[in-house]
Amino acid sequence: MKRLARFTSVLSPVAAVAAAFLVGGLVVLAIGESPLRIYGILFRGAFGSVDGVGLVLFNACPLIFAGLAVAFAFRAGLFNIGGEGQLYIGSFLCAWAGLSVSSLTPWLAIPLLVVAAAAGGALWASIPGFLKARFGVHEVINTIMMNFIAIGLTSYLVVNVFKEAGQMTPQTPKILASAHLPRLAGAARALGIPLPDANPLNASILIALAAVGLAWFILYRTTLGYEIRAVGLNAAAAENAGINVRRTLVLAMLLSGAFAGLVATNEVMGFRHRFLDNFSGGIGFMGIAVALLGKNTPVGVLLAALLFGVLNTGALEVDVFTDVPRELILVLQAITIILVVVGNEVLTRRLEQRVRPAEATGADGNADAGAATGEAA
Amino acid sequence: MRNVTAVAIVLCLVLTVTGCREPKEAQTEGVFRVGMVFDVGGKGDKSFNDSAYRGLLHAADEFGVEHTEFEPGQDADRETGLRKLAQAKYDVIIGVGFLFSEAMRSVAVDYPNVRFACVDFDVRPDETLPQNLAGLRFREEEGSFLVGVLAAMHTETGRIGFIGGMDIPLIHKFEAGYIAGARHARPSVSTTVAYTGTTPQAFADPAKGKELALLQYGRGVDVIYHASGSTGNGVIEAAKEAGKYAIGVDSNQNYMAPGHVLTSMVKRVDNAVYMTVKSVLDGTFAGGVREFGLADDGIAYAVDQYNEGLITDEMAAAVEEAKAAIIAGSIVVPKE
Chain G
1 MKRLARFTSV LSPVAAVAAA FLVGGLVVLA IGESPLRIYG ILFRGAFGSV
51 DGVGLVLFNA CPLIFAGLAV AFAFRAGLFN IGGEGQLYIG SFLCAWAGLS
101 VSSLTPWLAI PLLVVAAAAG GALWASIPGF LKARFGVHEV INTIMMNFIA
151 IGLTSYLVVN VFKEAGQMTP QTPKILASAH LPRLAGAARA LGIPLPDANP
201 LNASILIALA AVGLAWFILY RTTLGYEIRA VGLNAAAAEN AGINVRRTLV
251 LAMLLSGAFA GLVATNEVMG FRHRFLDNFS GGIGFMGIAV ALLGKNTPVG
301 VLLAALLFGV LNTGALEVDV FTDVPRELIL VLQAITIILV VVGNEVLTRR
351 LEQRVRPAEA TGADGNADAG AATGEAA
Chain A
1001 MRNVTAVAIV LCLVLTVTGC REPKEAQTEG VFRVGMVFDV GGKGDKSFND
1051 SAYRGLLHAA DEFGVEHTEF EPGQDADRET GLRKLAQAKY DVIIGVGFLF
1101 SEAMRSVAVD YPNVRFACVD FDVRPDETLP QNLAGLRFRE EEGSFLVGVL
1151 AAMHTETGRI GFIGGMDIPL IHKFEAGYIA GARHARPSVS TTVAYTGTTP
1201 QAFADPAKGK ELALLQYGRG VDVIYHASGS TGNGVIEAAK EAGKYAIGVD
1251 SNQNYMAPGH VLTSMVKRVD NAVYMTVKSV LDGTFAGGVR EFGLADDGIA
1301 YAVDQYNEGL ITDEMAAAVE EAKAAIIAGS IVVPKE
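If you read the sequences in order, they're chains G and A.
Using this note's numbering, the letters of the first sequence correspond one by one to residues 1 to 377.
Using this note's numbering, the letters of the second sequence correspond one by one to residues 1001 to 1336.
Warning: the hint list may mix true and false statements.
[Unchecked claim] Below 25 Å or equal to it, Euclidean Cα-Cα: the simulated SDA-like pairs (lysine to any residue) are:
#, chain 1, residue 1, chain 2, residue 2
1, G, LYS174, A, GLN1074
2, A, LYS1335, G, ALA165
3, A, LYS1208, G, SER155
4, G, LYS163, A, LYS1335
5, G, LYS174, A, VAL1123
6, A, LYS1043, G, ALA334
7, A, LYS1046, A, HIS1058
8, G, LYS163, A, VAL1289
9, G, LYS174, A, ASP1075
10, G, LYS163, A, SER1106
11, A, LYS1043, G, GLU327
12, A, LYS1043, A, ALA1207
13, A, LYS1089, G, PHE321
14, A, LYS1089, G, TYR39
15, A, LYS1043, G, VAL27
16, A, LYS1335, G, GLU164
17, G, LYS163, A, GLN1201
18, A, LYS1046, G, PRO325
Read the hints as simulated data drawn from the structure, not as lab findings.
Everything numeric in this text was worked out from a predicted model, so none of it was measured.
Here chain A stands alone, though its shape is the one from the complex (with noise of 0.2 Å):
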């Protein structure tokens, strides 16, 4: 016994060793760098916090900018996770989510020479933002109007559903957005809204997202949008196995279940974080709220080889009368 404790520790000793490489970590002065920090859910969660990190890596390819990303464990380490970012002179430092917003603020005051953006800021009435945070917003509403068209279009029962993460007014901007639209393209259509909860763990839930799904297509619903996160994976999953269709959210997830996802709410969240690098590597950053909307590419609705089949002529010709005529400004879509 004896014996085989001391070779083990000398294996582990030798491999200790050897297993040594080559710091990477030591950086060379002058590179641009940007560090991402993800909401819940999390890197791979196939919806908002994937589309934030193809904007930079989007960034990075084109630029040739380094970039380190996290995903904080407890509360506590947001806020301290950034100011290790900004002590480490990282040059651009992107918060994923409104959960980073109150760090945000308080570290941007201590770094005036690190620039912070923050997607979906969760701005306090009559703020002003330090000149180097920038909040990153979405008309989410604009593009729940389109993809509401295409529902009230498509659904045979005449019903349609939706199913929200965390019950906020971020997410009821989608809800109202998409009840309108589906009101404007057929006045007569029902609607079904769910919530999965009221924390932010409301948007990890794929088991509850799938109950819910399965619950409204069980009562005659055969189109539900999510906004929901990583939770959507389920209500996608439910859509394949019930046979019905659903509607991704953030990013394109016309993939995840071909045929099945009727169309996606793309948020353009990859093509801010890209714009924002951009921004400061050329000298154009500004701080303070910035919108983006269906006008500006920040906001659309995703059609490829996997839901061609689904969109018809006719609709499409409804959705772009429809995004048209909310950048001329003639539909004016709610926000709650």
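Chain G extracted, bound-state conformation (with noise of 0.2 Å):
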């Protein structure tokens, strides 16, 4: 049984991103072209350079972030589809800290912006989170409606508060320089990777790569974890068994938060050095097909945010070198996660109908067999 459902949490993916592929493929022939040359150069775009490769990192680091924030939230059982509004209140709050100090030392302005940003991430989704606990209102509405909030307030900010003078462009001044994560060109070159000087990836994707260890520990290593998960698979079990709902819903909530801030890792601190209005353009909710992709698990996320950055990378070739719309890309993106989750649910079915007499002897409290039946559900 725990072979096979981590067999299936592992094939369906895979088999969904292959049939995406063939389904897109057909597409591209309908409008006439060919499937080949389009695959081509978008993979070309993508592992054709080591400039292609450090852009498939840089646009995947922000969907690790975002994915994390969904799939931490979904394992206590919560969908926060507000990722968009913490990443950016987290970002502003970070950019915020980083025009508000004049001099510091990069080892106390570089912590300081990532804890501004997370901390604004984690404020802004306590508010459903409370919510949820205390009064049991769901979280999908508020989760929505705070990310109109979040856009509107850092806008209005953004243009008549914080503007920088002189530009027509909505946008902060640039923060403070010693506060800017380095660019990994030079580090690259070090390794004798040619990785050029332009390419925008930097040090924000090692902090995503931590942040894929700490979700993974706080999940599986530690008390809270489990208390999560618990919760997560059965509410009223996990209150049976003497665990506080409500705590743990909060406290997951902040810290799906906290993930969805820390986007301002490579939006603010890595890459622009300002925080632009309107600058994610769908990052949050990017990530609820991250974290469904990955199954909700931090590794998942990391595998299936790589692909999204594959995708977008190629995408933007294929936009610029043929006369094949870039939206060809996200046709293919949203049939990838149908298939998966349509995919999910038909595995599981048959999965539950094959061992369904096996599993009367005992609870499964296996990880990742309980989250692939869990999500189904």
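Now that you have both chains on their own, put them together as the hints suggest.
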């Protein structure tokens, strides 16, 4: 059972991705282009050069944070679709901190801004988290509404309070230079990898990898993580077992929001060095897709984010050098998600039918098996 | 079920292989190539971006240059996309819209052999541009002044409106020129001003444009000038629906609702683009900020078969007189 469930949870996303490429190929064919050529250009853009690989990692970086945010809440049974709002507030607080401090050594400035980013996201997520725990208000509605408020609020602040003087672009001035995360081109070259200086890949990817490890550690190696998973699988049972469900829900939302807020490390500290109004364009929502594809596990999120990074990087190449619109990639991503969801459902059902008699003997406490069956519900 | 899947997969593979065509990408050396990158709203906005695209097509047609164009999906793609074109050794790369200003600055420095031009470049005070970067700017206030004259002479209620896209200095120029022109022709005219928003998306929201326009028409305004990209498509639709008048912007939009578009303030982005390509070809390209206005036909107002019935001889005379005065410098149009 364990092994079969693990096999299914790996197989269904892989099969879905393969099927999505086939369907996407038909779409390309339908608009009169050769799928081989288009896919060739797509993968050349992503893997054809060191620069391309750097861009893949750069594009994957914010999706890792956003995916972790969604996955983490999901494990507690919460559907946090407020990642977009949380990352805006996190990014804004991060930039604000970087504008307020006039001089500070990087050893203090960088942690300060990272904490500000995480705190901003956590703050924004805590409101729907509290409303859910205290009044049982559904988090989906509240997180969506909080998105609008966050986008509107940051937009107002950037345009009316913090805008760079004499410029039309709605953005803040640059943040404190010592809080910039270094680009990785220099370090890569020291290791013999010819990453061009212009490549935007920066140290935020290291923070993202650390966040994946941290999420894994919290979920599987701490009491809180155990409680989160228990509440997510069955809140009533967790309550009976003596777990404080309300506290767990709020904490899960806080951590989820903090992961979303860390998107700022790439967007504000690593790349733009300022807050640009409306910069995200849906990273938070893409996080939902990443988490789904990654089966709500930290490592799954990492892999799914990398895949989306490949697609986004290749999409630009396709967009620039062919007549195929970039929307094709969006179609591809959407098909993947639909197929993952459908495939997961179908495979899980079949599995259950097959192993139900055997399962009656005892409860299955395994994390991965629990996740695979729990998510389908 | 299994058979169906197998057949489907085989079919896909067959189609994939047979679908192969000769790659059109293989460029021959020595062909002059132009890359164009669009702003929010993109190709097909019937306004700002389309005007730039027309200029590109005109140049392609006349000089036989190759061209490619794209619209960045996410903000970070602006700079990456420009770099990709530069790496692919495009000869000229044109960014359409001030949102490219920052990316242009950094990419232009890295590729000194590629010529860059940015429409509506967001120039910083005391900034010197690199020799391979041209910032193309327009004196929109001059053209706006002229359509303001026409609006004030056409209105029956004595009330005219303005709907801007994003609330920024660039669009304030349109507003300021328009109001100054209207007051010049008819000092008693009353004006109503609205902006769609404070973000670039404000240039791509036709539904909101229509809503704002209907609101103004409902209050007795009978001519509205829009400076709002594709948001203006909604304004023009509202004019048609309410039986009132709109004034188009950037491109000639008179045809979009014949009889209801009084005129269009044409910003000849197409000319600027065409001239940029031409200047690179004949070796006269120069970096730095370049301004286009009424005097060099960079800015104009549109009269064609769709609106000639709306422009009386008296109006035509007044607007031509104002135009001559602006060119001569005897009328100085405010920018804000």
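Cross-check of the supplied hints:
1. LYS174/G x GLN1074/A: holds (20 Å)
2. LYS1335/A x ALA165/G: Cα-Cα ~17 Å, so holds.
3. LYS1208/A x SER155/G: holds (18 Å)
4. LYS163/G x LYS1335/A: Holds. LYS163/G to LYS1335/A sits at ~20 Å (cutoff 25 Å).
5. LYS174/G x VAL1123/A: At roughly 17 Å apart (the allowed maximum being 25 Å), VAL1123/A and LYS174/G satisfy the hint.
6. LYS1043/A x ALA334/G: It holds: about 24 Å lies between the C-alpha atoms, which stays within 25 Å.
7. LYS1046/A x HIS1058/A: Within the cut-off at roughly 16 Å; holds.
8. LYS163/G x VAL1289/A: holds (23 Å)
9. LYS174/G x ASP1075/A: Status holds; Cα separation ~17 Å.
10. LYS163/G x SER1106/A: Holds: LYS163/G and SER1106/A sit about 21 Å apart, inside 25 Å.
11. LYS1043/A x GLU327/G: Answer holds: LYS1043/A to GLU327/G is near 14 Å, not above 25 Å.
12. LYS1043/A x ALA1207/A: Measuring from Cα to Cα gives roughly 19 Å; hence the hint holds.
13. LYS1089/A x PHE321/G: OK: LYS1089/A and PHE321/G at ~13 Å, within 25 Å.
14. LYS1089/A x TYR39/G: Since the Cα atoms of LYS1089/A and TYR39/G sit roughly 23 Å apart, the hinted pair holds (cutoff 25 Å).
15. LYS1043/A x VAL27/G: holds (22 Å)
16. LYS1335/A x GLU164/G: holds (20 Å)
17. LYS163/G x GLN1201/A: holds (17 Å)
18. LYS1046/A x PRO325/G: OK: LYS1046/A and PRO325/G at ~19 Å, within 25 Å.
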